[in-house]
Amino acid sequence: MKITTWLKNIFTEHSTLFILITPLIIIALVTDLLDDTLTERIVITMFINLILVLGLQLFMGNGGTLNFAHIGFMGIGAYASVIFSMTPQAKSIGLPDLYPIFNPIQLPFLMALLLGGLIAAFCAAIISFPLMRLSDAAAVITSFALLVIIHVVLVHWDNITAGPQTLFGVDRYTDLWMSVIWGIGFIILAYWFKESSIGLKLRASRDDRYAAATIGINMVIVRWVAFTLSAFMAGIAGGLWAHFITSFSPKAFYLTETFVILAMLVVGGPGGVSGAVVGTLIVSIVREGLRTIESAINIGQLLPSTLVGFAEVFLAIALIVILIFRPGGIMGGREIRWLKKRPLSQKNEDGTNTTIS
Amino acid sequence: MPPSIQTTNTATLIVQDINKVFFGLRALENVSLRLQKGEILGLIGPNGSGKTTLINVITGLLPLTSGKIYINSTNLSSAKPYQIARAGIARTYQTIRLFKELTVKENIEVAAVSIGSSRKEARHQADAIIQEFGLEAWVHYLASALPYGLERRVEIARALAMKPLFLLLDEPAAGLNEEEAEELLHILELIPDNKKLGMLIVEHDMHLIMRLCDRLHVLNYGKTIGEGTPEQVRRIPAVVEAYLGSTARGD
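As they're listed, the protein sequences go chains A and B. So the first sequence is numbered by our numbering: it starts at -3 and just counts up by one. So the second sequence is numbered by our numbering: it starts at 6 and just counts up by one.
Bound conformation, chain A alone (with noise of 0.2 Å):
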């Protein structure tokens, strides 16, 4: 009994997490049932790009500030994470120019992963903490800039990466649940984060950064933190990727990725963990559903040349039309519920309960 009043309790208060996971362990479950290889691409694609747009929805949504470099730490979290996991003999073919330090290490894959993620936070709380303070503009062009000094340094840094070449020889680690699990989990991670004392701040800092100020908020360390909290998810993200997708080459983390990261969050809502969720399955679905309408088109002969190019112009188009008309994304900041909150009770003088909404 009293289980299940505790139970109905942390449902009604968090219903929105159960909301947000339901479908998505759904479209796991069939995927896993239907057990076709180009359906199961598709998902774990969705499901990496969901903890990334969860990461740059924490930093951006919660602290105002675009950031562009997410994507440089995806990717470094990539290059990170493969280093720990290679074998040796594949390390020495595929990455040839390897630290000899690095050759002999082999880990776990989680224990890999979870260093990737560490690396890319830790690059992140270094290079991040001078440019917190800025705002606007200046603090979107520095993120540009911090996304073209990773992309360089990852594409010339040989003793780490295979240069610009693609790397191989990557052991495929990452299957559906894997990337299931880690998905749901960022899930209620970003949702702590939101309703926790630093991400309350952090929403506060970023409404009125003077009002914050003078009731006692560092925004600079705040916002360092959310930073660092989400570059780790980015890193994390680039690890699974890298385990799933076995060969990639910088390029792989450059402005393509980031715009698609951007569309799905802008589309959903970056004010709220519903925003990332629902703008990753909607951009997801009707993304593949724009490729499967265009080489459909292409193998019907139906125009006189090839279509190319549809997918990315059409989200792009979506995007544009998302930011006239409904800026703040599809979930326009809000969660969903499954009921409102609790109105406020408060006991009236005789005893009775008034609610008032």
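Hints may contain errors.
The calculated lysine-lysine pairs, modelled on DSS-like cross-linking and capped at a C-alpha distance of 25 Å, are [to be verified]:
1. B/Lys201 - B/Lys228
2. B/Lys168 - B/Lys125
3. B/Lys168 - B/Lys85
4. A/Lys(-2) - B/Lys125
5. B/Lys228 - B/Lys73
6. A/Lys4 - B/Lys125
Since the hints were derived computationally from the structure, they do not count as laboratory data. All of these numbers come straight from a predicted model, not from anything done at the bench.
Given chain A's structure and the hints, the job is docking chain B onto it.
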């Protein structure tokens, strides 16, 4: 900042020989004042006399050119705004600055959280203040959805959630109608004793100032031209000329 100053009984805010120069313009010239716990000090003066500048300097939003600011013996002269806030100085703004995308309750909670309360304590503290200010019906509204008069009230409630030693109010009655101003007056009257804090009010509403304040401090062109009880200040010739005189001419 050591938390111990929060509990001392005789907190005094000391502002000593403050100068603030903006690109050669002397906005504040050797301004000194003291504010004690339990006391209401009115800061008045014509437009542009430096009242808001003084509040901005005390709260650290503007760096001071020279001078010292203390709470008891804690020197806050070069502290950052968030450090000053944590040392016990809360404020409101002439143009209301609420966190627009947070609910009324979150606006108040975040102030409690930022001075070190846990999330759970902050919830209870916010509930208490919400009741005190009669905001129960509005807790789940976003701050951006509030009517103007309530925004003022929420801003004061938020400042009090910091449990400050001193509360600086920058024109709290600006833009309120007579009824709302009267309501505000009742709220303000009770704060210093209930919350055991010192309050500094910048206000143009002379009725409100005369009824509320124990002492007045008059600024003109960034200089102090008078101090004392409302009765004493009324009889200072420089004040009459600069402040009351100008309105007389205006009539």
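Results of checking the hints against the structure:
no.	hint	result
1	B/Lys201 - B/Lys228	violated, 30 Å
2	B/Lys168 - B/Lys125	holds, 16 Å
3	B/Lys168 - B/Lys85	holds, 19 Å
4	A/Lys(-2) - B/Lys125	holds, 22 Å
5	B/Lys228 - B/Lys73	holds, 16 Å
6	A/Lys4 - B/Lys125	holds, 20 Å
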